[in-house]
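Enquirer: These are the residues of each chain, in order.
Number of protein chains: 2
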Amino acid sequence: MFTYILDAKSKTPIYEQLYNNIKRDILNKTIQNGDRLPSKRKLATHLKISVLTVETAYEQLISEGYIYSVPKKGYFVNNIQKSVSITKSDTVPIPIRENLTRSDFKYEFKTNTVDTENFPFSIWAKLMREVLRDKDKELLNKSEPKGLYALRVEIAKYLKAYRGINCQPEQIIVGAGSEYIINLIIQLLGEDKKYAVENPGYHKIAKILSAYNINTEYLPLDSEGISMEHLIYSEINVLHVSPSHQFPTGIITPIKRRYEILKWAYEKNGYIIEDDYDSEFRYNGKPIPALQSLDNSGHVIYMNTFAKNLAPSLRISYMVLPWELVYKFDNDFKFYSNTVSCFEQYTLTKFMEGGYFERHINRMRNIYKSRINTIKDCISSLNSSVSIKGENIGLHMVLEFPQNTDIPNFVSNAKNNGIYISDINEYYVKGRHYCPALVIGYTGINNEDIIKAFNILKKLGLLENE
Amino acid sequence: MFTYILDAKSKTPIYEQLYNNIKRDILNKTIQNGDRLPSKRKLATHLKISVLTVETAYEQLISEGYIYSVPKKGYFVNNIQKSVSITKSDTVPIPIRENLTRSDFKYEFKTNTVDTENFPFSIWAKLMREVLRDKDKELLNKSEPKGLYALRVEIAKYLKAYRGINCQPEQIIVGAGSEYIINLIIQLLGEDKKYAVENPGYHKIAKILSAYNINTEYLPLDSEGISMEHLIYSEINVLHVSPSHQFPTGIITPIKRRYEILKWAYEKNGYIIEDDYDSEFRYNGKPIPALQSLDNSGHVIYMNTFAKNLAPSLRISYMVLPWELVYKFDNDFKFYSNTVSCFEQYTLTKFMEGGYFERHINRMRNIYKSRINTIKDCISSLNSSVSIKGENIGLHMVLEFPQNTDIPNFVSNAKNNGIYISDINEYYVKGRHYCPALVIGYTGINNEDIIKAFNILKKLGLLENE
Chain E
92 MFTYILDAKS KTPIYEQLYN NIKRDILNKT IQNGDRLPSK RKLATHLKIS VLTVETAYEQ
152 LISEGYIYSV PKKGYFVNNI QKSVSITKSD TVPIPIRENL TRSDFKYEFK TNTVDTENFP
212 FSIWAKLMRE VLRDKDKELL NKSEPKGLYA LRVEIAKYLK AYRGINCQPE QIIVGAGSEY
272 IINLIIQLLG EDKKYAVENP GYHKIAKILS AYNINTEYLP LDSEGISMEH LIYSEINVLH
332 VSPSHQFPTG IITPIKRRYE ILKWAYEKNG YIIEDDYDSE FRYNGKPIPA LQSLDNSGHV
392 IYMNTFAKNL APSLRISYMV LPWELVYKFD NDFKFYSNTV SCFEQYTLTK FMEGGYFERH
452 INRMRNIYKS RINTIKDCIS SLNSSVSIKG ENIGLHMVLE FPQNTDIPNF VSNAKNNGIY
512 ISDINEYYVK GRHYCPALVI GYTGINNEDI IKAFNILKKL GLLENE
Chain S
92 MFTYILDAKS KTPIYEQLYN NIKRDILNKT IQNGDRLPSK RKLATHLKIS VLTVETAYEQ
152 LISEGYIYSV PKKGYFVNNI QKSVSITKSD TVPIPIRENL TRSDFKYEFK TNTVDTENFP
212 FSIWAKLMRE VLRDKDKELL NKSEPKGLYA LRVEIAKYLK AYRGINCQPE QIIVGAGSEY
272 IINLIIQLLG EDKKYAVENP GYHKIAKILS AYNINTEYLP LDSEGISMEH LIYSEINVLH
332 VSPSHQFPTG IITPIKRRYE ILKWAYEKNG YIIEDDYDSE FRYNGKPIPA LQSLDNSGHV
392 IYMNTFAKNL APSLRISYMV LPWELVYKFD NDFKFYSNTV SCFEQYTLTK FMEGGYFERH
452 INRMRNIYKS RINTIKDCIS SLNSSVSIKG ENIGLHMVLE FPQNTDIPNF VSNAKNNGIY
512 ISDINEYYVK GRHYCPALVI GYTGINNEDI IKAFNILKKL GLLENE
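So the sequence lines, in the order shown, correspond to chains E and S. Just so you know, we're using this note's numbering here: the first sequence kicks off at 92 and counts up by one. Just so you know, we're using this note's numbering here: the second sequence kicks off at 92 and counts up by one.
Check each hint, because a few of them may be wrong.
Which copy is meant is left open, so a pair is good if it fits within one copy or across any two.
[Unchecked claim] No farther apart than 16 Å at their CA atoms in a straight line, the calculated lysine to aspartate or glutamate pairs in the EDC-like style are these: (1) K377 with E146; (2) K460 with D497; (3) K228 with D206; (4) K298 with E282; (5) K480 with E315; (6) K298 with D423; (7) K347 with E491; (8) K460 with E235; (9) K233 with E270.
What the hints contain is simulated information worked out from the structure, not anything from laboratory work.
Turn these sequences into a full structure, and let the hints steer you where they fit.
Expert: Structure representation (C-alpha cells):
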C-alpha cells in the first residue's frame with residue numbers, strides 16, 4: 092500500500108499531491124510496469140482521504156497514460172520507457188539574458204527611424220476610443236484575408252490621388268509589415284523564380300530571399316537606376332526596384348528607363364516588385380507617378396508601407412497585385428488569415444476617412460522640407476566641395492564627396508563624437524564600387540540638432556575638403 | 092509655340108495643366124525626340140502665365156525624365172520609347188467585386204470560431220485606454236524582434252503554471268498568428284527538412300508547407316496518437332503534432348507514446364513542432380503537461396496562440412524554441428521586425444499581469460464545460476448508439492457513430508436545416524479511412540442553441556440509429 096504524506100494545508104489540492112507522488116514512483120520505477128495499484132476504496136481508507144480524491148488522481152494518471160484501468164480488475168501501471176539518452180545536449184551554449192538597453196548616439200542621421208515626435212497622437216487616440224466604443228464585438232472577429240475592405244477602399248483612393256495608381260480594393264493585400272508582404276510575394280510567385288535586387292540597395296529583401304534558399308542577383312545601377320544592360324543579359328525574372336527614390340542613392344528613374352523596365356518584364360513575362368516606401372514625400376513639384384501607373388500589362392507588384400509615413404510600431408504594409416496574381420491569391424492563398432489586428436485596421440481606416448492621414452503627410456512634408464533646407468544651409472556655409480543628391484523626394488539624401496575622401500574614417504570619427512551617419516558603401520553587397528558618399532536620414536533629428544551636429548562635424552574638420 | 096487652353100478656375104494648378112499637356116504631346120509624339128521646347132520666358136509670355144509656373148512644369152517633366160535641359164541651350168525632349176506591345180492581356184479575367192456578405196448557418200458547431208460574446212471587452216478597453224494614456228510615444232517604436240520583453244515574461248510565467256513548461260523569455264518569439272509562426276519555423280529549420288503532419292489533422296500546416304514547395308508526409312494515427320511504426324520508418328525529420336488534444340480526433344497522447352516520439356526526435360536529430368492550440372481548456376483534472384516539458388534534449392518547438400483563448404482578431408501567437416534554435420534565430424533572423432503591433436502587445440501584457448487572462452480562461456472553461464454537458468445530455472436523452480470522444484479537453488469533441496452510418500448524408504441534411512456540423516473525414520488528406528464520426532465545436536454556440544439544434548437533428552431522425 093502507498094504511504095504518502097499529504098498536506099491538507101498546502102495550496103496544491105490533495106488529489107494533485109497524490110497524483111504527483113504516484114507519478115514520481117512510476118518514473119522512478121518504484122512501482123513498475125504491470126503493477127496493480129490499490130483499489131480506490133482501499134487507498135482512500137489507508138490515506139484517510141475521500142474515494143473521489145483518489146479517483147480524480149487516478150483519472151489524471153490515466154489521461155496522461157501512466158496507468159490504465161481494466162474493468163472489474165483494477166488499475167495497472169503502464170510500460171513507460173523513458174529514453175535513457177535524452178539529457179541536455181552539451182553543445183548548446185548557456186543562455187544569456189537579453190540586453191534591452193539601446194546604445195544610441197546623441198545625433199542620429201539614421202534612415203530607418205520615423206519622426207514619432209510629430210505623430211498626431213491625440214487624434215489617433217481619439218479614433219481608437221471611437222473604434223472601441225462603436226465597433227465592440229466586430230473587433231473580435233478576423234478581418235477578410237486580404238485585410239479590412241473599408242481600409243483597402245481608403246488605400247485605393249490614396250494611391251489614386253498620390254501615386255497615380257488605378258486599382259480596385261480587391262487588388263490590395265494588407266499585411267503585418269513589408270517583410271511579411273515580401274514573404275507572401277515569394278510564395279505567390281513560386282520559388283522557381285530568379286530574383287534580382289538593386290546594388291546598392293535595401294539589404295533585407297536579399298536576406299528574406301536567402302531565408303527561402305533563393306539566390307539573388309545584385310544588379311548595378313547607372314545614373315538612371317537599374318542598369319538595363321545587366322538586366323537584359325541576366326537570367327532573372329523578378330526584379331525588386333525603388334524607381335521613385337532609390338535607396339540609398341536617391342536616384343529617380345526617368346520615364347524612358349521606366350518604360351524600358353516595363354518592356355523587359357513584359358517580354359520576359361516576369362515581375363517587377365516596385366517598392367515605393369517613401370515617395371509620398373516629394374518636396375518640389377507634384378509626386379512622380381508610380382511605375383505601376385504606367386503598366387497596362389500586369390507585370391508590376393506595387394508595395395508600400397505605413398511604417399515610414401505614420402509609425403513603425405504600426406505593422407501595416409500593403410501591396411497591389413496585378414489581376415492575374417489576384418486570382419492566384421484568391422484561389423491558393425486565402426487560407427492565410429490576415430496578419431494585422433482588426434482594431435488597428437479600423438483605426439487606420441477612420442484616420443484615412445477623416446482626412447487625418449493626408450493632413451499628416453502634408454504636415455510631415457513641411458517638417459522634413461525644413462530639415463532638408465537646414466542641412467543644405469549647413470553644407471553651403473562650409474568651404475567644402477560636397478554635393479547633394481536625391482534631396483527632392485523621400486526621407487534621406489546623399490552627400491557626395493570628392494574622389495579621394497576617406498569616408499570610413501569620417502564615419503568612425505563622427506560616431507566617436509556622438510553622431511551617427513552612414514557610408515553609402517555599407518549598402519553595397521557585391522561588386523562593391525567605392526564611392527565617397529554619405530547617406531543622411533533626417534526623420535529622427537530636428538533642425539536644432541542638425542545644426543549642432545554639423546557644427547561638431549565642422550569643428551572636427553570633417554567637412555573641410557579644400 | 093505650344094498653344095494650350097489653361098483654366099485658371101480649375102482645381103488643378105496651372106503648372107500641372109501645362110505639365111499634363113506637354114507630357115501628353117510627348118507621349119503622342121506631337122513633340123518628338125530631340126525637339127527643343129520654347130524657352131521659359133517665351134512660353135510664359137505666349138500663354139500669359141508667370142515664368143515660375145513654366146519653370147515648375149519643366150522641372151516636373153525633367154524629374155520624370157520626359158525632357159532634359161542643356162545649360163545655355165534650353166530644354167529638349169527625351170527619347171521615350173513606349174513598348175508598343177504593352178496592352179491589357181486578354182487572358183486576365185474581368186475583375187469581380189468582392190462578396191462581403193457571409194452565408195452563416197443558424198446553428199454552428201464550428202471548430203474555428205471563438206466565443207466573442209464572453210470576451211471581457213470592458214476590461215480590455217480599460218487596459219487599452221491605460222496603455223494609450225501611459226505609454227504614449229513608446230507605442231510608436233517597434234518592439235524587439237522577438238516581441239515585447241515584458242509580454243514574453245508573462246507568457247513564460249503562464250506556460251510554467253498552465254503547461255508545466257520551463258522556459259526563459261529569450262526562448263519565446265511572438266508573431267502575428269500561428270501561420271506566421273509556421274512560416275518562421277520553416278525558414279529557421281531550412282527547406283531541406285522533410286516534414287510530416289498528422290492525418291487526419293489541421294490542413295493549414297500542409298498548405299503552408301506546399302506554399303514553400305515542401306512535400307509533406309501524412310502520418311496515420313492509432314488510438315494513442317501518431318503511429319510510431321509509420322514515424323520510425325519514414326524519411327522525415329520534422330513532425331507537427333498536437334499531443335494534448337489532437338485535432339480533429341481529440342486523442343490525448345499518453346506518456347509512453349510521448350517518450351517514444353521524443354526518443355525518435357533525439358535519435359533522428361529531428362524536431363517536433365508541438366501545436367498546443369487549445370489545451371489550457373481541460374475540464375476534468377489538471378492540465379496535461381506539454382510534450383515540451385518532458386524534453387531535455389532540445390528537440391521540441393512549442394507553439395500556441397491567443398486566437399483560441401482570447402480573440403481571433405488579436406493576431407498574437409508565439410513559439411518556444413530550444414536553445415540551439417534561439418541562437419540560430421538571434422544570429423540569422425533578427426532582421427525580421429516583429430509583426431505584432433506594439434499597442435496590442437502592451438495591452439495583452441497588462442491583461443496577463445493583472446490576472447485577467449487567468450480569470451478569463453477559468454471563466455471560459457466553466458462556460459465551455461456547461462456546453463459540453465448540454466451536448467452530453469442531448470446525446471444521452473436519445474435512443475442512439477453515439478459515443479463521445481475527446482470531450483475532457485480543448486474546444487471540440489467527436490461523436491462516433493456505428494459503422495454503417497451515412498455521415499455525409501447526415502451532414503448535408505443538417506446543413507439544409509440550418510445546422511453547420513462537420514464530418515471527421517473532411518480532415519483526412521490522404522489514405523482516407525472512412526470512419527463515421529462528427530466533429531463538434533462548441534465555442535460559437537450557446538446552451539440554448541445547442542438544445543434547439545439537437546431537437547432539429549432529432550426531428551430529422553438523424554440521431555436515431557437503432
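Enquirer: My question is about K298 and E282: at a cut-off of 16 Å on alpha-carbon distance, are they close within one copy, between copies, both, or neither?
Expert: both (15 Å within a copy, 15 Å between copies)
Enquirer: Can you give me the call for K377 and E146, within, between, both or neither, at a CA distance of at most 16 Å?
Expert: Intra 78 Å, inter 13 Å, cutoff 16 Å: inter-copy only.
Enquirer: Could you place K233 and E270 in one of the four classes (within, between, both, neither) given a Cα distance threshold of 16 Å?
Expert: Classified as between; 14 Å across copies, 21 Å inside a copy.
Enquirer: Reference check for the pair K460 and E235, CA-CA at most 16 Å: within, between, both, or neither?
Expert: Neither, since 38 Å and 31 Å both go past 16 Å.
Enquirer: If the cutoff is 16 Å on CA atoms, where do K347 and E491 land: within, between, both or neither? Let me know, please.
Expert: Result: close neither inside a copy nor across copies, 25 Å intra and 68 Å inter.
Enquirer: Give the relationship of K298 and D423 under a CA distance limit of 16 Å: within one copy only, between copies only, both, or neither.
Expert: Between copies only: 9 Å across chains, 25 Å inside a chain, cut-off 16 Å.
Enquirer: Within a copy, between copies, both or neither: which one fits K480 and E315 at a CA-CA cutoff of 16 Å?
Expert: within (13 Å within a copy, 67 Å between copies)
Enquirer: State whether the alpha carbon distance between K460 and D497 is at most 16 Å within one copy, between copies, both, or neither.
Expert: neither (29 Å within a copy, 72 Å between copies)
Enquirer: Is it within, between, both, or neither for K228 and D206, if the alpha carbons may be no more than 16 Å apart?
Expert: between (33 Å within a copy, 10 Å between copies)
Hint check: violations occur at hints 2, 7, 8; the rest are consistent with the structure.
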